[in-house]
Amino acid sequence: MSAEMAIAVAILLPALGALLVALLGQSPNLRDGAMLLVATATFIVVCSLYPEVASGGRPTLHLLEVLPGLNLAFQIEPLGMLFSLVASGLWILTSLYAIGYMRGHHEENQTRFFAFFAVAISAALAAAFSGNMLTLFFSYEVLTLSTYPLVTHHRTPEALRAGRIYMGILLSTSIGLLLFGVLLTYHVAGTLSFIQGGILAGHATPLMTGILLFLYAYGTGKAALMPIHRWLPNAMVAPTPVSALLHAVAVVKTGVFTIVKVVVYIFGIDHLSSTGFHIYLAYIAGGTIVLSSLVAMQQDNLKARLAYSTISQLSYIVLGAALANAHGILGAGLHIAMHAFGKITLFFCAGAIMVALHKTEISDMRGIGRQMPFTMAAFIIGSLSIIGVPPLGGSWSKWYLALGAADTSHLLLVGVLMLSSLLNIAYLLPIPARAFFSKATGDDGHHGEGLHEAPLFCLIPLCLTALGCVLLFFFTDPIYQLLAPIVQP
Amino acid sequence: MSSHLPIVPIVLPMIAAPLCSLLRRPALIWPLATGVGWLVFAACAALLMQVVESGPIVYTMANWDAPIGIEYRIDLLNAYILVLVSGIAAVVLLYAPQSAASELPQDRHHLFCAAFLLCLTGLLGITITGDAFNVYVFLEISSLASYALISVSRDPRALKAAYKYLIMGTIGATFILIAVGLMYMMTGTLNMADLAQRVKMVEDTRTILMAFAFLSIGIMLKIALFPMHAWLPNAYSYAPSLVTAFIAATSTKVSLYVFLRFVFTIFGAEYAFNTLRFNDVLLPLALLGIVVASAVAIYQTDLKRLLAYSSVAQIGYIVLGISMGTVTGLTAGLAHMFNHALMKGALFLAVGCIVLRLHSSRLEDMAGLGKRMPITSFAFVLGGLGLIGVPLTAGFISKWYLLLGTLELGWWPVTVLLLISSLLAVAYVWRFVEVAYFQPPPAEASSNEAPLSMQIPLWMLLATTLYFGLQTDVTTGLAQRAALWLLGGGQ
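Residue numbers (the numbering used here), protein chains in the order written: chain A, 318 to 806; chain B, 70 to 560.
Keep in mind the hints are simulated off the structure, nothing from the lab. If you're wondering where the values come from, they're calculated on a predicted model, not measured in any experiment.
Among the chain B residues that face chain A by a calculated CB cut under 7 Å, a handful are: (1) Val-459; (2) Pro-460; (3) Leu-461; (4) Leu-476; (5) Leu-488; (6) Ser-491; (7) Leu-492; (8) Val-495; (9) Phe-507; (10) Leu-539.
Incomplete in silico selection of chain B near chain A, CB under 10 Å: (11) Leu-454; (12) Leu-472; (13) Pro-509; (14) Thr-545.
Cβ coordinates follow ideal geometry from the N, Cα and C atoms, glycine included.
Given these sequences and hints, build the entire structure.
Shown next, in the form of structure tokens:
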């Protein structure tokens with residue numbers, strides 16, 4: 318299979334999978350089997366692209382010319398490669414998990430759920446592979462629209478309200494600011510292609526660059542910078558697999574991925590850092606990191622706490638991009654992968670607790686470590702990775718982010734990162750501590766000392782992602798080598 | 070045969086109309102009308118291809134040469150509109166029999182069909198002719214036919230709506246007639262090509278100024294530019310669904326064409342935009358229309374009415390593009406004429422499917438429609454996304470050009486306003502989504518999709534809007550050529 322074919326197949330496979338799922342809706346076993354098959358095949362196709370990208374190739378696929386001089390085009394560069402590997406790889410695990418969760422939790426309309434889920438993955442891969450800003454914008458919007466039915470899956474008034482906020486914030490920022498930014502870029506630079514070193518240098522004045530930076534940063538609502546973060550906690554009304562893959566990985570990572578990509582390939586690191594505006598964005602990201610960590614501490618609902626933690630972690634990546642130096646960008650890229658594994662583990666655990674014990678509030682989770690030891694062990698590993706403790710993957714990305722912050726000689730930003738790690742400990746570790754060291758108090762029919770884990774379909778994926786967090790610590794080098802070319806002058 | 074091709078789009082429906090009223094049997098007339106519709110579409114498509122290949126076509130009626138006889142003159146601009154109008158008519162006629170059977174009195178089908186074909190004749194005639202007075206004649210034919218089409222609905226309020234439209238439409242048409250008369254007085258010709266040359270010589274006179282004023286106000290009434298849109302919401306809401314689909318997609322677009330034809334090729338962009346600063350009038354009206362009508366659309370309780378207000382707003386987009394007076398702006402306006410016609414046509418056809426099953430177009434009756442009519446609901450949502458201007462739909466393309474046009478001119482506030490209005494569009498489209506997908510269907514409701522004969526035309530139009538969202542050579546490519554040609558004074 319040629320690389321061009323592989324790109325097309327990788328994007329189309331999930332979309333076809335959605336169709337297959339819809340057609341096989343009558344027999345759930347066949348449907349879920351088909352989905353696993355499609356997910357695995359997609360991952361294999363994405364993997365097949367890796368060798369070429371790792372050796373410096375840039376596989377390209379030009380489709381049609383939508384507007385004069387503006388193609389629907391795909392080009393795989395290291396960042397997109399990394400993101401697509403993470404998204405498609407975790408999709409397999411999430412599919413496994415979703416089968417256990419949706420059945421264990423007796424969710425309705427599973428066919429619709431799986432179909433839109435697959436469309437969302439297709440859109441995320443298209444975003445990862447996009448070769449210019451127009452294609453990225455298209456994929457970004459398709460992703461918003463295809464996840465709306467997932468967020469509002471339960472069709473309750475609460476889901477409707479959450480759906481309004483979800484669509485309201487994501488569409489109004491993307492149409493009002495992002496599209497504006499894209500148009501302005503095209504108007505100023507005459508192109509929207511992603512080019513190493515950026516396309517704005519020599520075309521945009523420093524002020525214009527600053528305006529564009531904020532149009533992109535706030536236009537990308539999916540990156541959840543404060544104060545446009547509210548959609549993310551609201552999106553938690555969705556079934557947990559959605560929160561796990563989409564609202565910890567695919568959707569939100571598309572947001573931060575867009576920002577990193579724009580900084581590297583539209584602004585150009587050197588051009589951006591010469592304007593001085595990047596540091597304001599860095600401080601906004603820093604503020605979001607600290608504030609949302611503080612908010613997370615006050616959440617009793619586990620998924621809500623994780624959502625605020627995600628907001629904070631996303632801003633790590635924005636911060637890395639906004640530092641506009643080599644270490645910052647590398648840290649941001651690494652953190653896309655590291656946080657994905659850590660946070661998906663935590664969400665899987667939250668869902669497993671919900672399926673097995675029907676508990677959603679942290680205060681009810683005393684003593685559950687004795688009933689669900691594997692789940693809670695995985696939770697500890699995931700938490701430690703988020704906090705950034707060796708030997709877990711998250712420590713590397715924090716290391717590079719801190720280096721990047723130090724390079725800018727804004728030591729306050731280094732302080733923010735350190736403070737945030739402390740806050741992470743404060744809001745994540747009490748949960749397993751309570752689970753293992755407190756006595757169960759509730760009297761809700763599930764108490765007792767016996768083992769009461771979630772179905773294997775749920776348990777296995779979450780153990781695997783926890784394992785992934787450990788492995789990523791030891792095998793960071795390939796990722797580093799993959800990303801290194803993007804920051805070379 | 071091919072030398073007489075330009076007359077085909079006029080003569081065919083004009084002959085078929087009385088035939089329909091004589092044949093009377095619905096089983097005969099609908100196939101006849103549909104056949105005529107598709108033949109006309111084929112003829113118009115052939116004309117467009119001929120114009121693209123070998124330049125404008127001139128056809129003299131009965132071999133009477135120009136200043137005395139009437140000539141048909143087909144260039145890029147009107148060939149483009151001809152294809153649009155005839156294409157929509159062909160699709161709507163496919164859709165018509167089922168929809169008419171449920172919404173019209175049984176004994177009126179033949180008259181309805183005749184009126185429909187006459188309306189089509191009129192619209193095509195306005196577009197194809199090269200004679201200013203002839204424009205007025207065809208305008209009256211199409212207008213009178215459309216008053217009849219609207220009033221035939223079973224809803225008694227349709228009568229009042231048609232009457233209101235009649236009054237406003239007649240004022241508009243009369244103003245246009247006065248303008249044509251004034252121009253004839255000053256130049257002694259009715260042929261557009263001649264007019265274009267001679268008006269320039271007398272353009273400083275007050276008479277020509279008056280002609281321009283009468284003409285522009287008359288046409289603004291016909292295109293329902295805010296605040297002269299008062300006839301439109303009622304007419305669209307109470308007319309039978311297929312009439313709404315047809316008129317919404319074609320009638321205002323043809324009037325816009327007349328506007329372009331007179332302003333750009335007869336008076337000239339120089340006179341209208343530099344001497345008279347006419348864009349200073351158009352721009353605020355267009356912007357007001359976009360914002361106010363979009364906002365009003367959000368609060369409608371009837372789906373047809375909601376779409377009608379959205380039409381007023383979308384006409385604002387087109388006029389905004391025209392008022393920029395630049396190639397990009399005019400391209401955007403022309404492309405949006407085309408794209409909006411397709412999108413609104415598809416949306417009203419979807420509403421027709423809903424009305425067929427629910428016998429109502431009120432939003433409150435559409436609870437749970439996503440379950441009861443999944444395919445039609447999905448079609449409506451897709452069309453709605455086009456109105457918002459979501460990427461991958463035709464609506465995005467025209468909006469892109471429109472926004473680019475404002476940036477080129479440095480009209481920042483307008484850019485912002487356009488983006489805000491897209492968000493208003495999200496709000497009104499989401500009204501339907503929330504009712505159809507989030508409210509439980511009433512207990513007695515069963516799932517009941519519209520018949521295939523209505524689904525197919527609906528999806529044909531919808532597919533074209535998606536196609537033109539990706540493949541823009543035809544729409545914007547031609548629009549850009551036409552725009553360049555118009556700004557060059559149509560020479």
